[in-house]
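The primary structure of each chain is shown beneath.
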Amino acid sequence: MIRIKKRWEIPESEVTPEPLYRRRREFMQAAGTIGGAMLLNPWAAAQAALQIDDYQRGVVTLDEELTEEADATSYNNFYEFGTDKEDPKRNSKRFKTDDWTIEVSGECAKPGTYDFEALMKPFPIEERIYRLRCVEAWSMVIPWLGVPLGSILAGFKPTSKAKYVAFRTLYDPVRMPGQQRSVLNWPYREGLTIAEAMHPLTIMSVGMYGKTIPNQNGAPIRLVVPWKYGFKSIKSIVGIEFTETQPQTSWNMAAPSEYGFYSNVNPEVDHPRWSQKRERRIGEIFKRDTLMFNGYAEEVAELYDDLDLTVNF
Amino acid sequence: MWLKSAWSKPVVHLLCLLPLAGLVWAGFNDGLGANPVEKLTHETGDWTLRFLLITLSLTPLRQWTGQASWIRFRRMLGLYTFFYVSCHFLIWFVADHSLDPGSMIEDIVKRPYITLGFSAFLLMVPLAITSNQAMIRRLGRKWKTLHRLVYLIILLGVLHFLWLVKADYLEPGIYAIIALILLAHRIGPIKRPGARSSPVTR
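In order, the protein sequence lines correspond to chains A and B.
Taken in order, the first sequence gives residues 0 to 312; the numbers are from numbering that gives the first Met the number 0.
Taken in order, the second sequence gives residues 0 to 201; the numbers are from numbering that gives the first Met the number 0.
Think of the hints as simulated: they come from the structure by calculation, not from any bench.
The reader is advised that the hints may include incorrect statements.
[Claimed, not checked] Simulated DEER-style distance windows between Cβ atoms:
#	chain 1	residue 1	chain 2	residue 2	range
1	A	E283	B	E105	15 to 23 Å
2	A	G209	B	I176	46 to 54 Å
3	B	D167	A	E67	55 to 63 Å
4	A	S150	B	Y112	56 to 64 Å
5	A	S256	B	K8	28 to 36 Å
This structure is a prediction, so every number in the text was calculated from the model and none was measured.
Every residue gets a Cβ at the ideal spot worked out from N, C-alpha and C, and that includes glycine.
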């Protein structure tokens, strides 16, 4: 069902005979009529969802119908912009991502504050069609554009002490009005084991549906970990930290008995208050069965061979 | 006073049907968002609680305003509450459980917030059935005792909502506070002196 071209097993030279990812100035020319301010910084204009022309199509595909783009960009859990599903789209319209930087710290040889554009520039953008399963028992199929997280992290030269990677969302209650209420302990935090972070399915996404990622979906850069519940795929990332111990994560801090560190999609382990056996695919009325590891068991199950998934939920 | 006028009931009927009309209109105009089942479930649940709170407000309103006529609307508001809770239940039974009673019962037994919500719905059935004049006459004094179940129902309803929320307790919290105020009003010592016996004197 899932077809992954295992390009990470092929020498780099064979895969990319020429740079597939054209530079930003070039794809801006294709964007044509977009205003001057945006030309200076196309990522800053994420709210206009710019076309991304050059990416490797179908690096990971799925024989399932894509969720309507309008649904995937109007039904969002992004509490930084409000707790109702329609809030993020409405309240993020004026959110600017100009001069976005990412602070890299912790157990690595190359910590520092990285300019987001410069950081992403060397990597070809890949299209990866993944299922997204929310802990609330709904799901989507989204064509992400992104870069394997492992490729990015390798550049920071993590040390042998780097056992986990912690991520942090922007904290700015003026730009993110949802943070004016302490619904969660801001800033939003997430984390992965180093093995999960380096797994070839894990990506940093900068776009979806052939465009830059809309604000309500986590502009300008977000994590996508398709075998975990959606809340693990942290949005609008400004911080990456390599740690030796398991980092704190927002939903786990809010309700430790309900949201574990791993939060792998698992139909056998219910949320304490509701079942995880079934899910409603957005666009459908009736529910369908939820798949182990969201259908990615073949690729990721081995990561958890030594773990009791009922305890480490 | 407009409360007593002949057109006040038709107006209240129209107001009570507005939420339904809004949902039907939204349904035909792509207004229910990406997850229409969830939207309809949440909206009908919200309106059930709102109608229940309005229904429970009539007795305090009678006492605070000295207008006995508020009570004219109690039965219809109660029945609209039952109408919205029935929609709420049916959407959940059809869309979440594909009309499978076994799957529904499993959910009711296993999920405390559903146990509470379903109990509240079940308790509302006898109240709806006994809301006509004939049943009121037949049951006599027992009718009043039976309909005190509504105090339990509102508590179950509010707990049902509080228990299913992930992190944002604002809306169920507001309902809970209003419910507690309305219930507190019914406890003797909090009542204003004289309010009980002669509601129309002030």
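Check your understanding: Hint by hint, which ones does the structure fall short of?
Key -> Of the numbered hints given earlier, those the structure breaks are 3, 4, 5, listed in rising order.
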